[in-house]
Each structure stands twice: as C-alpha cells, then as structure tokens.
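Hey, can you work out the whole structure from these sequences and the hints?
There are 2 protein chains.
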Amino acid sequence: MKAVILLSGGLDSSTVLYQAKADGCDCYTLSFDYQQRHRRELVAAAAIGSAAGVAGHQVVRFDLTQWGGSALTDLTIALPSDRSLTEMAQSIPITYVPARNTIFLSFALAYAETLAADRVYIGVNSLDYSGYPDCRPEYIAAMQTVFRLGTQQGVEGQATQIVAPLIQLKKTEIIQLGDRLGVPWEKTWSCYSGEAVACGVCDACRLRLAAFAELGQVDPIAYAT
Amino acid sequence: MKAVILLSGGLDSSTVLYQAKADGCDCYTLSFDYQQRHRRELVAAAAIGSAAGVAGHQVVRFDLTQWGGSALTDLTIALPSDRSLTEMAQSIPITYVPARNTIFLSFALAYAETLAADRVYIGVNSLDYSGYPDCRPEYIAAMQTVFRLGTQQGVEGQATQIVAPLIQLKKTEIIQLGDRLGVPWEKTWSCYSGEAVACGVCDACRLRLAAFAELGQVDPIAYAT
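These protein sequences, in sequence, are chains A and B.
Take 1 as the starting number for the first sequence in our numbering and just add one per residue.
Take 1 as the starting number for the second sequence in our numbering and just add one per residue.
I should point out that these hints are in silico values taken from the structure, not numbers from a laboratory.
Take every hint as true, because none was put in to throw you off.
Since the list gives no way to pick out one identical chain from another, each pair is judged satisfied if it fits inside one copy or across any two copies.
The calculated SDA-like cross-link candidates involving lysine to any residue, where the alpha carbons are at most 20 Å apart (straight line), are: (1) K2 to G68; (2) K21 to A46; (3) K2 to A164; (4) K2 to Q66; (5) K187 to A55.
The structure presented is a predicted model; accordingly, all values stated were derived computationally and were not measured.
Written as structure tokens, this is what we have:
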C-alpha cells in the first residue's frame with residue numbers, strides 16, 4: 001500500500017507519518033515551501049522523513065506572500081502571542097492561511113495520482129478545527145468527493161482515500177499516540193517564529209507545551225522562554 | 001462585484017474573462033507557471049488581461065515536473081498529434097495533468113478569499129469533459145462545496161461562487177460567444193508546443209481549427225501547417 005503524507009514537521013503530521021508506517025504503507029512525504037515565515041519546519045520535516053525511512057520526499061515551492069492574508073505569509077501582520085487556550089479556540093486566528101489545506105490536499109492528490117497511491121494522510125485535528133474551517137470533518141468529506149470525481153483514478157473507481165487519523169483527538173491524545181508509535185519529538189518543530197530555538201509564546205508553542213505539561217511530560221525541544 | 005478569473009491565454013479562458021467583464025465584475029486574473037512545456041501561453045494571458053483592462057494579474061509558480069505524469073509536464077512523453085476529434089473524445093488523453101484544475105481552483109480560492117471576491121470564473125467546457133475528469137459539472141459542484149466549507153468566507157455564509165459559463169457549450173458556441181463579447185482571438189494561444197507559431201497538429205490546435213472552420217471563419221493566429 002502506498003501513501004502520500006502531508007508533513008509539516010510538527011507534532012501532528014509527524015505522528016500521522018508514523019501512523020501511516022504502522023498501517024503498513026510505503027510512505028511518500030510532501031512538504032511545502034510557500035514562503036512561510038521560516039524554513040525551519042522544512043528542515044524538521046526532512047529529518048523526520050529520514051528517521052522514518054520514507055520511500056520518497058518532495059517539497060513543492062510556491063509563494064503565498066503574493067497575496068498575503070495571514071500572519072504566516074505577511075510579515076507586516078504580528079504573530080499572536082501569550083494567548084490562552086480558550087482565546088485560541090474562540091475564533092479563526094490571524095495565522096489562518098486562506099485555503100491552505102485545500103492547496104496542500106490538491107498537490108497531494110496530484111502526487112498520489114502519479115504514484116497510484118491508495119491513501120493521502122493529513123494531520124488535521126479537533127483542536128485545530130475549532131478555529132480553522134479547513135480542518136473540520138465535513139470539509140475533509142468534501143475534499144474526498146473532489147478526490148473521487150476529479151481524477152482519472154477516481155473515475156476508474158480507485159479514488160485515493162483521505163485518512164485523517166487525528167481528527168477526533170486532543171493534543172494530549174496525539175502525544176500519547178505518538179509516544180506509542182515512537183515519534184522522535186526532539187526532531188519536530190511547531191513554533192511559528194523562525195529563531196534558533198522555539199519562542200514558547202506563539203499559539204503553536206503554547207498548545208504544544210500545554211499538552212506535554214498536562215501529561216506530566218517534558219517537551220524535549222529547547223524553548224527561549 | 002469582484003471576480004478571480006483562471007486565465008490560461010487560450011480561447012476558452014479568454015472568453016470567460018470577457019464574460020466576467022460583461023457580467024460587471026472587477027476582474028483579477030490568475031495564471032500558472034507550472035513548468036508546462038512552454039511559457040508562450042503566459043505571454044498570451046498577460047496580453048489578454050491587459051487588453052481587457054483587468055484590475056490585477058497574478059502568476060503563481062510551482063513545478064509539476066517534480067512528479068510528471070502528463071505529456072505537458074514530462075518532456076519524455078510525446079505530444080499526441082493528428083488525432084481525429086472522435087479519438088480525442090474517447091479517452092483521457094496523455095495531456096491530462098493529474099489534479100490540475102483542483103490545484104488551479106485551490107489557488108483561485110485562496111486569492112479570492114484575500115480579495116473578498118464574490119466569484120471565481122473557470123473556462124471548463126463540454127468538449128473537455130468528455131476526456132478530462134476535472135471538467136465535469138459534478139466535479140465543479142464538489143469544488144463548490146469545498147469553497148463553502150473550507151474558508152473563513154464560506155463559514156460566514158459568503159462563499160465565493162464558482163462560475164463555469166462554458167460548461168455546456170461546444171467549441172463553436174464558445175467562439176460565437178467570444179465574437180459577441182469582442183475577445184481578441186489574435187492574442188490567444190492554445191497550442192501545446194512552444195514554437196514561434198502554433199503547430200496545427202496537436203489536440204489543442206486541431207480542436208480550435210476545426211471549430212473556426214465549422215463556423216466558416218478564419219482563425220487569425222499563424223500556424224506552421
């Protein structure tokens with residue numbers, strides 16, 4: 001069984017890669033350089049792919065700063081920091097990148113069709129979907145319909161299946177799953193800023209730190225604060 | 001009313017641009033340099049956008065030759081030539097690019113959301129959908145669901161509408177529509193090869209030449225044969 005795995009290098013997508021391995025897939029990872037704030041996560045993605053022994057790793061490059069619209073693609077928009085988990089859950093954050101998962105899944109579909117892959121794995125989860133429209137189950141179902149109708153494989157009844165194993169999990173449950181699967185957390189990168197060590201105050205750092213703390217575990221990566 | 005128009009520089013998308021203008025839209029055109037065989041169509045798209053007086057024109061660059069899978073993105077695959085219209089209608093051609101319209105519509109959705117655009121226009125048509133899965137009405141409907149569920153605008157009940165005005169038209173009807181709208185055919189480019197003049201024998205040239213001939217009109221661009 002062949003699978004394309006969307007791999008950003010963070011906790012979630014790294015766990016998904018190890019889940020795909022555990023499911024018996026030959027894994028082809030796909031990362032994106034969309035001129036996000038930093039390339040640090042791409043280095044992490046390559047390192048994790050290498051550790052997991054993937055069959056292939058592709059980086060697709062394009063430039064979403066052409067039109068901006070997000071704190072991740074427009075350097076004039078400040079990153080939110082020191083927000084509580086409650087605040088994060090209440091609205092679509094400024095780090096939302098318009099249509100990002102749709103773009104990512106579209107490239108995954110193209111790559112999957114050229115590989116004749118059976119599955120595309122994506123690490124969307126229930127924490128994300130409180131704020132991000134393109135992390136909800138009904139959105140994933142809509143993309144599955146696109147996968148079925150929009151490709152030669154789909155027309156031939158062999159549509160690539162979208163697998164979102166984390167969609168109903170909380171961050172703590174994802175870490176517990178990753179622990180069981182042997183995900184090398186020390187190689188992952190979640191921080192939105194691109195410094196030498198993670199900032200510890202952006203939404204991504206705070207979600208991650210809170211989850212490790214709740215489990216009584218120490219996050220093995222270094223933090224500035 | 002604001003609209004994003006997917007503009008390749010061929011007959012169909014150029015007609016769609018002029019239709020969007022006639023519909024009263026401020027037009028923002030979007031073209032793609034995906035390392036297709038030649039850049040000639042991008043020159044045509046820019047010229048047509050300029051002639052139409054668009055409010056904005058963006059070219060998104062990425063590289064689909066990374067994984068190939070089509071005669072348009074893999075130079076080792078020969079372009080089909082001298083095929084009859086019947087042959088073209090019977091199967092998915094080797095010029096099919098996996099998931100291309102899904103990728104194009106995903107970027108259009110991202111651009112539309114940052115512009116708060118009301119519409120995305122795409123020039124898929126009934127001739128195409130005999131062979132291309134991602135030109136069929138049911139595929140467009142599936143992408144509309146993605147537009148509704150996958151964006152902040154959609155969640156807020158302001159989903160960008162996909163408009164496919166050519167979807168039920170034959171090539172001759174598209175030319176008749178374009179004639180009424182004043183499309184500058186001499187600036188368009190359809191040929192799959194990237195020579196100084198159109199080859200006249202690839203599928204794209206043959207479809208176009210046959211339609212002009214059927215209408216008793218002369219295609220104003222130059223052909224090698």
